[in-house]
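Residues per chain are reported as follows:
Number of protein chains: 2
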Amino acid sequence: MSAADAEEVEKANTAFYEAMEQGDFEGLSELWLDEDISCVHPGWPVLSGRGEVLRSYALIMANTEYIQFFLTDVKAAVAGDTAVVTCTENILSGGPAEESGELGPLVGQLVVATNVFRRTPEGWRIWSHHGSPVLTESDEEDDEDSPS
Amino acid sequence: MSAADAEEVEKANTAFYEAMEQGDFEGLSELWLDEDISCVHPGWPVLSGRGEVLRSYALIMANTEYIQFFLTDVKAAVAGDTAVVTCTENILSGGPAEESGELGPLVGQLVVATNVFRRTPEGWRIWSHHGSPVLTESDEEDDEDSPS
Chain A
1 MSAADAEEVE KANTAFYEAM EQGDFEGLSE LWLDEDISCV HPGWPVLSGR GEVLRSYALI
61 MANTEYIQFF LTDVKAAVAG DTAVVTCTEN ILSGGPAEES GELGPLVGQL VVATNVFRRT
121 PEGWRIWSHH GSPVLTESDE EDDEDSPS
Chain B
1 MSAADAEEVE KANTAFYEAM EQGDFEGLSE LWLDEDISCV HPGWPVLSGR GEVLRSYALI
61 MANTEYIQFF LTDVKAAVAG DTAVVTCTEN ILSGGPAEES GELGPLVGQL VVATNVFRRT
121 PEGWRIWSHH GSPVLTESDE EDDEDSPS
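If you read the protein sequences in the order shown, they are chains A and B. Residue numbers are given in UniProt numbering: position 87 of the first sequence equals residue 87, and the series is strictly consecutive. Residue numbers are given in UniProt numbering: position 25 of the second sequence equals residue 25, and the series is strictly consecutive.
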């Protein structure tokens, strides 16, 4: 796995979240592969195929006035023409205002994502996105409840 | 994508859940790739590398007296030497009994998973598993709230 590959994949991963932040539906659509894609938004069932997946993003964008992703723990693993990126999405978002002209209340959310990319002639494209809410603390490593 | 490939990948996916059901830690360990693996259990943060991932399974197995997965909506997409499988895990599980000899209370859980596999000389092996709780209904397709 070359460092250049990992860098390119991380750029595609960043572009994915930037398209969301900018409400750039067309840019987002272009980042997804044409076939066999799947997507899980936090708490949602699996969406399959461009129709279902892109419709979900149109719906989310329509209901999101403001969204910002602070990505942490970004890790890219590349094998041949496929890459798996995991990251933590520290999300700050707001829905449409009740009265026009003002933002709705801002909500913070902690989500972890596994994003799978494939190399194409046009660059790395998203094959699968799976995001899920983090419900528990991660500091259970000292737990002595493991089998002997 | 050949039908034979998809069939082999689905078999590896089934073997993954069977190892969990049987509490077969060694069998489960062998199904994972050696390097660059990642795993997200429902509600958990990302775990990376064999150490963290396998320790989590040891912990889960130690705290699970009984677990059964009824898989539905299994879809496999194969591209070259990589495959993405999505499925719904209808889980029935029970923790250790309070008093020895009896099962703890059984709990039903609805989880969706994205499992990424890579082809190896020994067969398809798990590169990434991401499972997350389904918190909302999926029947929002009639929603007319999409942008015009």
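If you are wondering where the hints come from, they were derived from the structure by calculation, not from laboratory data. Mixed in with the good hints, there may be bad ones.
Label pairs and their computed distance ranges (CB to CB) [to be verified]: (1) ALA62/A / SER2/B: 15 to 25 Å; (2) GLY95/B / LEU110/A: 22 to 32 Å; (3) VAL107/A / ASP34/B: 34 to 44 Å; (4) ASP81/B / THR14/A: 33 to 43 Å; (5) PRO121/A / ALA4/B: 26 to 36 Å.
Just a sample of chain B residues kept apart from chain A, beta carbon distances all over 10 Å, derived [said to hold, decoys possible]: (6) ALA4; (7) ALA79; (8) LEU92; (9) PRO121.
Computed from a prediction, not measured in an experiment: that's the story for all the values here. Cβ atoms here follow ideal geometry from the backbone N, Cα and C, with glycine treated the same way.
Do the hints match the structure? See the list:
no., hint, in the structure
1, ALA62/A / SER2/B: 15 to 25 Å, "violated (40 Å)"
2, GLY95/B / LEU110/A: 22 to 32 Å, "holds (26 Å)"
3, VAL107/A / ASP34/B: 34 to 44 Å, "holds (40 Å)"
4, ASP81/B / THR14/A: 33 to 43 Å, "violated (26 Å)"
5, PRO121/A / ALA4/B: 26 to 36 Å, "holds (27 Å)"
6, ALA4, "holds (17 Å)"
7, ALA79, "violated (6 Å)"
8, LEU92, "holds (19 Å)"
9, PRO121, "holds (14 Å)"
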